[in-house]
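*Asks:* The chain contents come next:
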Amino acid sequence: MEKMKVLAEWTYVPAKPFRGYTGKTLKVNVGDMTFQSKDVSEEMKEKFTGGRGFGLKLLWDSVKDTTRWDDPENEIVISGGPLCGVTQYPGMGKFYAVFVSPLTNQTYDSNAGGHFGPLLKFAGFDAIEVQGKAEKDVIVLVDADEKKVQILESPFDDVNAYTVTEALHEYFGKPGDINDRRFVSVVTAGKGAETSYWGCLNSSFWDSHRKLPRLKQAGRGGGGTILRDKKIAALVVKTHDLSGTANNPADVGTLTRLGAKLHNEILTLDAEQCRMRTVGTTHLNEIMNEYHLLPTMNYKFGQHPDADKIHSEVYGKMFTQGIADGCWYGCTMACAKAVDGFTLKTGPWKGRKITVDGPEYETAAGMGPNVGVFDPEWTTEVNFYADHYGLDTISLGTGIAFVCECYELGLINKEHTNGLDLRFGNKADILELLHRLGEGKDEFALMVGKGIHRMKDLFADHFGADRDVMERIGMEGQGIEVSEYVPKESIAQWGGYFLTLKGPQHDEAWLIFMDRVNKQLPTFEDKAEALHYFPNFRTWFSLTGVCKLPWNDIEPADNATSYPPQEAAKVPEHVQNYVEVFNAVTGKNIDKDELVLQSERVYNFQRVFQLRLGKGTRKYHNIPDRALGPVWADEWEAREEYYDNELKATGIDPAGLSSQDKCDRLLKKRREQWEELVDAVYKRRGWDKNGIPTVKKLKSLGMDLPEVVATVEKYAKPEDQW
Amino acid sequence: MKNTPSRRTSGSSLVMIIVNGEPMEWEEGMTVRDIIDGKRYVFPLLAVWVDHVPVPRDRFDDATVPDGSNVQIIHMISGG
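Same order as they appear, the protein sequences are chains A and B. Every letter in the first sequence is one number past the one before it in the working numbering, and letter 456, counting from 1, is 456. Every letter in the second sequence is one number past the one before it in the working numbering, and letter 25, counting from 1, is 25.
Please note: incorrect hints may appear among the correct ones.
Stated by the list, open to error - Here are the simulated lysine to any residue pairs, SDA-like style, with alpha carbons at most 25 Å apart: (1) A/K24 to A/E2; (2) A/K261 to B/P56; (3) A/K317 to B/V42; (4) A/K570 to B/G29; (5) A/K570 to B/N70.
As the list claims (entries may be wrong) - Covered, in the sense of this in silico footprint (three residues per stretch, anywhere, with C-beta under 8 Å from a C-beta of chain A), are these stretches of chain B: (6) 29-35; (7) 46-60; (8) 68-75.
Rather than coming from a laboratory, the hints here were simulated on the basis of the structure. Ideal Cβ placement from N, Cα and C applies to all residues, glycine included.
Assemble the whole structure, with the sequences as input and the hints as a guide.
*Replies:* Written as structure tokens, this is what we have:
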């Protein structure tokens, strides 16, 4: 590759991390080509901790109340957090990207593994803000080795992820030394992200075993769409300043001790627990099917006789075994599985032999049973191209599942789809739709890529499709597609998905087992308590740069016998590990209650941020019928005895009713239960009837910052107090 | 583990245990594994309490469940 032209440059002295923080953030404006470094205050650490917290704080300071996703002042803020880059304890290489989302026009946070988060910190910055819009494609480079930040003219005609990532690892690595490419990490999107709102951010890491770059995705929310809207082909960070103590932690001994304990647990117990080291998260495929939770044909069903074809053992045979597949150093969980030597059968790279990252469970389910396909080879091809084009596989799966059901119901037809027969299971035409999304020219594909929320409008306006039917079956909330678990069997999971800050993603609370199978949450108050604790506990991962998986996809051998059932589900020993790891890195002295408090501060701040952007009230916590229960007769008849009992439990005798009548009556009851759940959750969270945090609540958290209180006071109404 | 004698008094009458709040038919010699298999609980991270006493995972195959027991089979949260 020819030498890239420097459009703007700024020199700096990289700050060394001290106890997990560098104390500096970087702001790059690709519109006016300016650079700025800001100090991180003690108050910022106290209130926002790091990671997503820092992202939200910096974004708050940079946008207006009226900012929408494609306004130049919108930003992508990427931040790891104080534990990001720890190598002694597994799963500590995550970054969190925060932005105003094209799908929801409110804040969104999305996380990725790979090396970008740790390398950014070791290059001197706790966060990077990218703002403005470039006139032509650029690359932003943070180069700690040369002590400079540059905006470079992009040489790429093809901006798809693997093309750009492979070239930039080579370009910025030392010539003649392939292993030097591990000191580089790249964030890209792809061509599909330019026209779709499903754009993902691909974060790379150099795989020293395979000698190639791998991609992990901050998939959700449309971050990649914003990257391309700003005409950024890639963000690049480069530093050789790596070591096991690069965070300069307060207590390395404790980190080493705790890490060794968890490494031992993983190495001795994973094979009999979740098998993350051999099959990654695909171990969930058959489990979700068994419990009627595997989304099948747009979440109509939760189980399918062909599910054996996507069993984790099938994927396990496709994944290359015996390689340490961690996406950051020191992660023995090593769940970043890959398929090597895969020959692509379609698309622009047809015939090329490549390595595919994943598929992980969400992709295996979403671009699998949810679109009526049970073919791991096909899903693997889809996974590669989705990443390459910069498209989120979850929104893709749920979005295309919606399209397929619309097609089968006759709401849209082959004329509308420009010749594609989009019945469930039609692999060739669904894959062709993906390629059209990637190319960004086909009119129908352009509509699909805007997401279900907008597809409902577009299909109604352009094709006369029945709006009411689409509202009932479109699996989205707040503008973004639901991730890949069937929620209709668990009242608590309605909240786990649809009472979230940013829309239905499973990273706040996954309560289906607790609620539906274990029967641990019998009352609305019990469900509300879980919908308070788990979102707040899990938010903490996003503040500190930590992967959720080593928390509860492995558990100590005596976890189940050492605690009562309600406590055991929290994996108390691992929670205590996190407390001690945090203290060992930062030198602070928090306990498990303070840990949740750190999260609750940011959780409520983000809720107020949504309010500031004109969202964040009860009417945006909407839930479609399909998430509440069976909508059509065939869904009911697939589990007739089960649903008849559900109806009986509400006091309605199903005898003599048609299946469709039964669906309608159960849904009516469940919608009443939904409203009851919303009330209970809002009360427990310290929010008013309209879902707005009260000033009293903010004060109790120490988050009664003047601008936050002013926002609440602007929108809160006396009649909404309990 | 509590060893409650069977309350079965006649060959024809059903005796029950409670599993996660729901009644389940009990059989002589029933083990924790029998219940897990009967319920098709395939999830690997299960924690079991029989009458509030925890049963270690390595004893699921041979730990018998007395008639009338209250059994909790807790699926830990994974995935997500």
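*Asks:* So, for every hint listed, does it hold in this structure?
*Replies:* For each hint, the structure was consulted:
Restraint check: the Cα-Cα separation between A/K24 and A/E2 comes to about 33 Å, which exceeds 25 Å; the hinted pair is violated. For the hint pairing A/K261 with B/P56, the CA-to-CA distance comes to about 20 Å; that is within 25 Å, so the pair holds. Taken as a hint, the A/K317 and B/V42 pair is honoured in the structure, with Cα atoms around 21 Å apart against an allowance of 25 Å. Between A/K570 and B/G29 the alpha-carbon distance is near 33 Å, which puts this suggested pair outside the 25 Å criterion.
Pair hint A/K570 plus B/N70 holds up; C-alpha atoms about 22 Å apart against a cutoff of 25 Å. Only residues whose beta carbon comes within less than 8 Å of a beta carbon in chain A count, and the segment 29-35 of chain B has 0; fewer than three means the coverage is violated. Look at the segment 46-60 of chain B against chain A: 8 of its residues bring a Cβ nearer than 8 Å to a Cβ of that chain, three or more, so the hint holds. Residues of the segment 68-75 of chain B lying with their CB closer than 8 Å to a CB of chain A number 4, which satisfies the three-residue condition for coverage.
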